[in-house]
Each structure stands twice: as structure tokens, then as C-alpha cells.
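Peer 1: Read off the chains here:
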Amino acid sequence: MAKAKASQAAAESAAGQAGAIDGIPQPKLDWAGRSNQWGTRVKPNAYGLRLGDLNVGIYGEIPDQWQDQTRNPRGAIPRKGVPPLGFAIRDKSDLWAESSGDLYEEAIQRRWAPATDIPWNTLKPLNEGLERAICQVSTELCQYANCDVETITSWQHQMAYGYHEVKQFLATASFDAARQFEAFRKRALSNGGGLGLEGPGQVNRMILESRGGWTEAVTYLFLMRGTFTMTMLRYLERYAHNDAERALYRYTLQDKARQMTYGLEHLQYSIAHQDDMALIMQQLLFIGDRVWAREMKDHVLMEALCVVFAGGISDAGTTGYAIYRQMMGDFMNSYVDTCEWLGVKRQPEMMPNSMTQYLKVN
Amino acid sequence: MASVFPSEDWFNEVRSVFNSDDSYRGAGGGSCECRSAMKIGRRVFLLNFEGIECAPVVEADKGALADVDFYLDMPLADWQAMVKDIAANGGASLHYTLNTLDLDRAEGLSHSVHEDQFREDLFFRYNQTFQFFFDASARIKTSFG
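Line by line, the protein sequences give chains A and B.
For what it's worth, the numbering used here labels the leading residue of the first sequence as 63, then goes sequentially.
For what it's worth, the numbering used here labels the leading residue of the second sequence as 142, then goes sequentially.
Bound conformation, chain B alone (with noise of 0.2 Å):
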């Protein structure tokens, strides 16, 4: 059964696949401490990292964004765009990257409300974790409602 994207229940499905695959903490994954949101459209999602896991992903309002470190944020449409391109190639295409969203989007994909440089460079040092954590949703059934 393919779970709906966007819903709690799609990243947490994501998440099991990510946290039981030891292939993720190499390469230029492994250790990542760092509290973001993706926000979907007008939904946000909280996603955790904690050491080597993914801690679970619950649906949360606008105001939580101020208490992350950074969020990515892009209308839904573009959102499906990229978990589709995902889904198609096995993981990002040269396109769908998330360096490659943040550099195309005028506005950037990752931002933050409290413009601490510092905790908005964690997008960057722990990138490969995150491109990690969505690629792995070419592993399971997404739907789109």
C-alpha cells in the first residue's frame, strides 16, 4: 500500500528505511545532529537527525520553524516533482539535488527564521545525510492523493 505524500505517515516510512540501512552512515553520511522542517506547501514536518537515526517525524505548525536549525521549503508541486524524479531514478537526478533546488529557486531552498549562520550551514554539512534520507523514498510506494 503506497503511502500519501506529504503525511507523517510517508516520512516516518522513509525514515525505517533510512535508519536500517548501515550505507547511509558511510560516504559521506554518518553522525548528524540537527533539528530542521520541510515545509510542504503550508504543511511543515519536523525531521530530527540524532546521532546515526532519524528520530520520528511528526506534522507540526508554522511557528515550530523558529526552533529548527534550518527548513527547506518549496510549494508542493515542486516537492512532488522532486520525491517523483526520486522515485524514477533510483534517487535524485542531476536536477533534483538538493544543492541543485536551492541554487535554481530565487529564494533558495533552505532558510531559517533566526538567520544564525551557523545553524543555517548545516544544510551544508550535512547534506549528503539529508539527499541520503529522501532518496531513500525511491524505496517505498509513494501516492500523491
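Next up, chain A with everything else stripped away, as it sits in the complex (with noise of 0.2 Å):
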């Protein structure tokens, strides 16, 4: 009946027009009428007109596999002979979480400026050996943002567009990384220091090569790395050194877990939707971690942190080690305890020597 209704109104709308001006052609309005479902009309409500608020009636429909290899938007009605995109990603249970929509919001919503919101007037002069500790760690930092952001970039044009709630929020977790990119560049080159050396770089390239589907990337990016760099950066901000590194230790964090709280509940979704997926899990931490030991041999984030924890180079080997080592031992305890509630067995025979000293400390 509303699909009726609406044709007739867009004849009568095209009656009204037809020959008012010589030489214009007369349009035609017949794709005006067609909809797969007219007469929509959600209303903001509290917390004003959200994403995942639109899920209503056809619209909300969010099949376990999209067929569709174009860039139709969900709900809309596909027009014939367009060329397959030939989209990957295409099964639910390859990228779905449950909250992207509300994720999403929240990102927009809680965005910061680095320009504007880091107190950067507050950056006093530092001891030679902290400064240069400190941007030390901010390039790695911004290598892991380079990171996220091409990691996850390289996935996201390849997952259908049914499931856009994932797209849009993707689309803002790579703008956090850009940002945090940003941020920790600013930080670098804002006290008289600069950029220090290139880290080793071996954790990024798995990330990124994984190929065995995005659900094997946000493993590695969000379970392995994402918890790495959260219990980072909450030593960071305890042991900050003024009120704008304080800022943006916070607010990365803050973006951090909200990317956490995707990762997550995608491989949660995933190991239910999935016949074997924690087993595949197990297995890509166990080759994983052993890159992640590797990787953590190299001294120099090790020694720029403990010179961070200690406020300069003096006390670095024994205060700043013992706090290195205590941060050690919260992310391992972390990485652990979420690989157990995903239902992901990690028994520490399985993991190296050098990652399992860390489950001691605390």
C-alpha cells in the first residue's frame, strides 16, 4: 500500500512539472517510487538519532552471509548488471560484533583534538636521558598507529557492505591510530628532542600479513598487540611527566579499549559462530607469541621505558626495571585471563620462556 501511494504521488509530481520549460527534458521520477520499504520514521530519542537506532523493520535485517558483491547499502534495492565488487569478507561471523554501531557513535562522540586538547604549554624541560626516552617510545608508537592504521585498512574495503555497522566503526578506529600517530609525533618534536630509532618492527609485519582472514588480524592486533600497548600506555600515564602527557597517554587509552571492546567481541562472536575457531586461535598465538618473544629481545623499548618509569637513566636498571618488570606482568596476566574468557586455552607450556617469567611477577 505505501509503495502504491508513492508511486502515485511521483506521477502526479511529474504531471505537474511535465513541459514548464521549453527544451528541459521532461523528467521521468519513475525510480521515485521504489523503495523496499517506504514510510520509515525513527525518532531521536535520548541520546539523540544513533546509527544502530536505524535497524528497523527490512533495515535491522543482518543475514549470517551477504550475497551481494556491490556497494548496495543494506536495505536498498540492488540494480541489475552491476559488475560483483568481489567483496572477501562476506560471512557474518568473519567481522561481526554486536556493539560496532554503538562503537561507532562513541568514537564520533568522544573524539579529541591533539592540537587543541593536550595541554602542550604545560611540556617543561627534561634530563637529556628521560627526553630521549620518551620520544623513543612515542616512535614506536607511532609505527604501531602506521600499524593499526594499514592493518586495518587493508581488511576493510574488503568486507561487504551489509555489515556497514563494522565499516563505520573501522573507519574511525583507523582515524584513532591516525591520531595517535599524530599525537605521539607532536610529542616527539615538541620538548627539544625528536624522533629516535626505527623500531624492530617484526610484531607490525605479522600483523599485517596475516592472511588468514581478518578474525586472524584482529587476534593479533587487538588481543596480542591491543593489550601490549593498553597496559602501556596505562604506565605511561602513572608515570607521566606533566599534565599533557598525562592528557594523552588518557585519551589514547581511551581509544585503545574502545578498539579492544570491537576486537574482543568480534572473536568472541566469531569462536561461537565458528566450528573450531578457539583451537585456530590457540594455534595462531602459539606461532605468535614466538614472534612477540622475538621481537622483545630487542633492548631498546625495554631500556627507553624503564628511563621512563625511573625519570631518567640513573635509576633506570633498578627502579625502572622493577616497575618495567611489573607492567610486564600485568599485560601477560591480562593477555592471558582474555584468552581464557574467550575460551582460548594458553596452558604457559605453550608459550616461551621469555613471556611466561612475566606471569610470576604479580
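One or more of the hints may lead you astray.
Have a look at the derived ranges for each label pair, beta carbon to beta carbon [as the list claims (entries may be wrong)]: (1) 254(B) / 132(A): 41 to 51 Å; (2) 415(A) / 182(B): 22 to 32 Å; (3) 416(A) / 145(B): 45 to 55 Å.
Computed, partial: chain B to chain A, Cβ under 10 Å [unchecked claim]: (4) 232; (5) 264; (6) 268; (7) 280.
Hint data in this document are derived by calculation from the structure and do not stem from the laboratory.
We put the CB at the ideal spot given by N, CA and C, even for glycine.
With the hints as a guide, bring both chains together as one complex.
Peer 2: Here is the structure:
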């Protein structure tokens, strides 16, 4: 009935305009009456009009597999003859997390701008060893951010448009990472120092080169690297030396926590909907742990963190190293606990000694 | 007249400051959907955020902890030290941010009854909102009974 009324309105509108100006083609408006579901009127609620609120009627039907190979928005009428775009990720279990729409809104609403929201004027000259260490950590955090952007965008375009909530959220996640790059580059170049030494990048390469699917990339990018970055940001906030750094670490931590929510919820969904996924993740982490352990043998980041935590070089080997070990203990406990919570078994004998040694710290 | 910490009046006075200042909605703050509790010694205060505002704060019994996403738990003396630090510095100093207090305590600051990691992680996702809330207490007069 709604469809018929819309068609009638379109026809009347066309008739009213016919021949209005000589030489102007008469509009057909034959598209105007076409909609799979017309008359939709979603109202804003106390929180405004959110992406997830639009999931009403057919617009909220999110199938387990999305067959359409075009950019047709979910709920629109497909146009015949559009060449397929070859989206590789068309199964819901390969990308879905129920909270994606809400996380997208959260990322938009809780945005911050490094240019103006960080009190850069609170930066004061630090002892040279400390400034060099902070700049080194900032350099590596820039690299982590670059890896996030590249990884997310390299998978995002392969995802079918039927799951636009995930694609929208991941757009904010890559923007978050771009902001992380910007913010830490600014920190390195704003207090008399400069960028330091490039990190080894072995874990970055592992994340970027994971080819088994987005879920595999999520395992490495969020569960493994994300847990580590979050832990490191928490300790950096704890041992910040001025308000600018404190804000910088805390705001970035919030962004990372939001990404972790997507990542863990997706892994949980994937495990619940795909046979053997927990076992597959166990195998992936078995491989990933070894790459991780190899990268952690590089002393640069560890030493820089020890200097930051100690407030200078003189106590880095004692106070700083003790705090570093505590941080690694928190990371390892959180990493293993999260795996177990997801249902991915992580016996210590499955992991390198260089990782399990920290399980005993805290 | 100073409000006594902890009390419903104290929390609601802070809440008025928080809700009426737009600056708390930017710079890492903003929309927040979270049900939390502050466990101050044996007393429990429910702190719920809906959108960009904090709802009226009420005191509850310990059983209410089962319904919140997470709760922050410290002895009364430690809470008082935090509030005094915020008042003295206009905001939490480096040793009294919520993240620092969580890291520095053997049992942590943030807890949950349900152990649902998604709900526990709201402490980190909305950390700045909670920090803004407590930092707003620097703008009211506080007494400690």
C-alpha cells in the first residue's frame, strides 16, 4: 500500500512539472516510487539519532551471509547488472561484533584533537636521558599506529556493505590510529628532542601479513598487540612527567579500549559461530607468541621504558626495571586471562619462557 | 556551606558542576553509557552516566554492586586523600588519577561482581569522564565530617 501511494505521488509530481520549460527533458521520476520499505520514520531519543537506532524493519535485517557483491546499502533495491566488486568477507562470523554501531557513535562523540586538547604548554624541559627515552617510546607508538592504519584499511575494503556498522566503526579505528600517530609525533618534536630509532617491526609485519582472514588479524592486532599497548599506555600515564603527557596517554588509552571492545567481541562472536575457531586462535597465538618473544629481545623499547619509569637514566636499571617487570606482568596476566575468558586455552608450556617469566611477577 | 564527603549531597553537588560545564564533554569526554558504583569504605554510591550527563547519585546497599558495570573500591581514608589532592591541585595530581590509583593498589581500584570483561573495560573506555567528574569536585567546598 505504501509503495502504491509513493508511486502515485511521484506520478502526480511528474505530471505537474511536465513541459514547464521548453528544451528541458521531462523528468521520468520512475525511481521515486521504488523502495523496499517506505514510510520509515525513526525518531531521535534521549541520546540523539544513532546508527543502531536505524535498524528497524528490513533495514535491521543482518543476515549470516551477505550475498550482494556491490556497494548497495543494506535495505536499498539492488540495480541489475552491476559488476561484482569481489568482497572477500561476506560471512557475518568473519567480522561481526554486536556493539559496532554503538562503538562508532562513541568514537565520533568522544573525539579529541591533539592540536588543541593536549595542554602542550605544560611541557617543560626534562633531563636529556628522560627526553630521549620519551621520544623513543613515542617513535615506537607512531609505528604501532601506522601498523594499525595499514592493517585495518587493508581488510576494511574487503568487507561486504551488508555489515556497514563494522565498516563504519573500523573507519573510526583507523582515524584513531592516525590521531595516535599525530599525537606521539607531536610529543617527540615539541620538547627539545626528536624522533628516535625505528623499532624492529617484527610483530607489525606479522600483523600486517596475516592472511588467514580478518579474524586472524584481529587476534594479533587487538588481542595481542592491543593488550600490550593498553598496558603500556596505563603505565606511561602513571609515570607521566607533566599534564600534557598524562592527557595524551589517557585519551589514547580510551581509544584503544574502544578498539579492544570491538576486537574481543568479534573474537567471541567468531568463536561462537565457527567450528574450531578457539582451537585455530590457539594455534595462531602459538605462532604469534614466538614472533612476539623475538621482538621483545630487542632492548631498545625496554630500556626506554625503564628510563621513563625511573625519571632518568641513573635509576633505570633498578627502579625503572622493577616497574617494567611489573608492567610486563600486568600485560601477560591480562593477555592470558583474556584468552581464557574467550575460551582459548593458554597453558604456560605453550608459550616461550621469555613471556611466561612475567606471569609470576604480579 | 561545605558538603560532607562522602554523602549523596556531596556527589550531587559535584554532579551539578559536571553536568553544567560543557568543557567536560570535549577533550576525551562526551557521551557515556555506564552504570558504576563508588564503594567508600562500607558505603556505596551509585554513579550512572546517561549520554552526556550524570544521573542523580543515590546511596545504596552492597547488593547493588551486582548490577553495575564496575565499581571503584577504596578505604575511606584513601578516598579522602584523593579528594583532598584534587581540591589542592584543581584536579588530580599525577599520583591520584584513577588510572594511577588502580595500578598502585595490589587489588586494583576497579572491580566487578560479574567478571564480564566488556563491562569491566568501561572503566578504561570512559576513564576521562570519571576523571572529569572527580576533578569537578575541586570546584565545591568539601568537609570530611
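Peer 1: Indicate, hint by hint, whether the structure satisfies it.
Peer 2: Hint by hint, here is what the structure shows:
1. 254(B) / 132(A): 41 to 51 Å: Once the Cβ atoms are compared, 47 Å apart, the range 41 to 51 Å for residue 132(A) and residue 254(B) holds.
2. 415(A) / 182(B): 22 to 32 Å: violated (43 Å)
3. 416(A) / 145(B): 45 to 55 Å: For residue 145(B) against residue 416(A), whose Cβ atoms are near 52 Å apart, the range 45 to 55 Å holds.
4. 232: Holds - the Cβ of residue 232(B) comes within 10 Å of chain A, reaching about 9 Å at its closest.
5. 264: Hint on residue 264(B): holds, closest Cβ of chain A at ~8 Å, below 10 Å.
6. 268: holds (6 Å)
7. 280: Since chain A brings no Cβ nearer than about 18 Å to residue 280(B), farther than 10 Å, the hint is violated.
Consistency with the previously given hints fails for numbers 2, 7, ordered from lowest to highest.
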